[in-house]
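Can you make the complete structure from the sequences, with help from the hints?
The number in our numbering is simply the position in the sequence shown, starting from 1, with 1 added.
For the record, the hints were derived by calculation from the structure and aren't laboratory data.
Quick caveat: nothing in here was measured; it's all calculated off a predicted structure.
Heads up, some of the hints might be wrong.
Label-pair restraints from in silico Cβ distances [said to hold, decoys possible]:
(1) D101 x T215: 44 to 52 Å
(2) R118 x K46: 36 to 44 Å
(3) P341 x T285: 26 to 34 Å
(4) P341 x S291: 36 to 44 Å
(5) V96 x K267: 43 to 51 Å
(6) V115 x H271: 48 to 56 Å
(7) P218 x V115: 22 to 30 Å
(8) A35 x L333: 15 to 23 Å
(9) D303 x M2: 37 to 45 Å
(10) D101 x E337: 41 to 49 Å
(11) Q206 x N24: 46 to 54 Å
(12) T285 x Q7: 45 to 53 Å
(13) T215 x D303: 22 to 30 Å
All residues carry an ideal CB built from backbone N, CA and C; glycine is no exception.
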Amino acid sequence: MATLKQIAQEAGCSVGVASVVLNQSQGNIGVSAAMRRRVERAAEKLGYAGNFAASALKRQSTRTLGLYVAPRPGGGLGAGSFEDRMLHGIEQACVANEYDLLIVNMSVERDPEVCVRLIRQGRVDGIIVMDPGRNLRTKYPMAELSGRVVFLGAGMPASVAPRFAFDNHAAMALTVAHLRALGHRRIAFVGQLHDPLADCLEREQGFRSAIEQTGLPANPEWVLDHGDLLQPAFSDVMGAPAHCRPTALIALNDIAAAIACRELRKLGLHVPGQISVIGVDDSTICEFTSPSLTSIRHPLEDMGRDATEHLIAGLGKAADARAVKGRFPPVLVERESTGPAPDEKTTE
Numbered sequence: 002m003a004t005l006k007q008i009a010q011e012a013g014c015s016v017g018v019a020s021v022v023l024n025q026s027q028g029n030i031g032v033s034a035a036m037r038r039r040v041e042r043a044a045e046k047l048g049y050a051g052n053f054a055a056s057a058l059k060r061q062s063t064r065t066l067g068l069y070v071a072p073r074p075g076g077g078l079g080a081g082s083f084e085d086r087m088l089h090g091i092e093q094a095c096v097a098n099e100y101d102l103l104i105v106n107m108s109v110e111r112d113p114e115v116c117v118r119l120i121r122q123g124r125v126d127g128i129i130v131m132d133p134g135r136n137l138r139t140k141y142p143m144a145e146l147s148g149r150v151v152f153l154g155a156g157m158p159a160s161v162a163p164r165f166a167f168d169n170h171a172a173m174a175l176t177v178a179h180l181r182a183l184g185h186r187r188i189a190f191v192g193q194l195h196d197p198l199a200d201c202l203e204r205e206q207g208f209r210s211a212i213e214q215t216g217l218p219a220n221p222e223w224v225l226d227h228g229d230l231l232q233p234a235f236s237d238v239m240g241a242p243a244h245c246r247p248t249a250l251i252a253l254n255d256i257a258a259a260i261a262c263r264e265l266r267k268l269g270l271h272v273p274g275q276i277s278v279i280g281v282d283d284s285t286i287c288e289f290t291s292p293s294l295t296s297i298r299h300p301l302e303d304m305g306r307d308a309t310e311h312l313i314a315g316l317g318k319a320a321d322a323r324a325v326k327g328r329f330p331p332v333l334v335e336r337e338s339t340g341p342a343p344d345e346k347t348t349e
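Set out below in structure tokens:
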């Protein structure tokens, strides 16, 4: 591998000039544009690759960010398109700002203290924590991460650190408004009622709030856990006479919505003729279910990109100006699984 000395000889300059150009250091040496081009051409000709560790030491920056995926049983990066799409936005921002990305944990659960160790060791400049609300009991060492961390997802107060999250309450308000416009008044919800993730908890709260604000009937039996989809509790609610069962169902995500559609068919109910179904995530499965799923899209790529841009822009700055809260709005994607409320006289 070519050395700085060889590059300097090829370009006809001092080693100091070659170092200033190739290491992008400030130094006290002025370099003309013509000389800079000569050094760069010499480096390209000789196949020069600088020493990353030495350059990082000089500029006091690794130009590397860490991505920590909050632990959950059976979870991890790549577990679904939700994480993949946020990762795409993170990568876009890293490439645009000439940063590398170090994935701290993919499928193996690691304690959040690993984030502090990476910063102490000078291996990363900052940390992106994805889905901090996956486990609400997880504690983050904020004192040592202050000014070097952003949270991507629900579950952490914005006063702790910058947070970029989907507006789950607005999503539920949008779904209820859509169904109400179609004439539905009895709306069920399938969520995660037992030890919920932060997003799931916010969606349940948002659903209850939207039902209350619109004055629609609020039947506790119509709020079900996703585990009930395969249990008698679901068939008891949906198998009731037409005049007293829900005419629409909102699921916490597209997978739960797809399962609900399957179980409704088993009960002899037509979607959307007798009951409308909406999911959340606008994942790829929406196009492949029958009927295709109406769903709520959230801008995951934008969330990942904006969080990363904010982290990079704020590195090294005072933490007191960084407690921002980015809330990303939902978008309704209408497909075949929602339709007008049924005429109860003809749906028995």
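Comparing the hints with the structure gives:
Distance hint check: the CB atoms of D101 and T215 are about 48 Å apart, consistent with the given range 44 to 52 Å. Between R118 and K46 the beta carbon distance is about 41 Å. The supplied range of 36 to 44 Å therefore holds. With their beta carbons about 27 Å apart, P341 and T285 fall inside the hinted range of 26 to 34 Å. Between P341 and S291 the beta carbon distance is about 19 Å. The supplied range of 36 to 44 Å is therefore violated.
For the pair V96 and K267, the supplied restraint of 43 to 51 Å holds, since their beta-carbon distance comes to about 47 Å. Range check, V115 to H271: Cβ separation about 51 Å, and the 48 to 56 Å hint holds. Checked against the given bound of 22 to 30 Å, the beta carbons of P218 and V115, roughly 48 Å apart, lie outside it. At roughly 58 Å, the beta carbons of A35 and L333 sit outside the given window of 15 to 23 Å.
Taking the beta carbon of each, D303 and M2 are about 41 Å apart, inside 37 to 45 Å as hinted. For the pair D101 and E337, the supplied restraint of 41 to 49 Å holds, since their beta-carbon distance comes to about 43 Å. Between Q206 and N24 the beta carbon distance is about 52 Å. The supplied range of 46 to 54 Å therefore holds. Between T285 and Q7 the beta carbons are some 52 Å apart, a value that agrees with the proposed interval 45 to 53 Å.
Range check, T215 to D303: Cβ separation about 29 Å, and the 22 to 30 Å hint holds.
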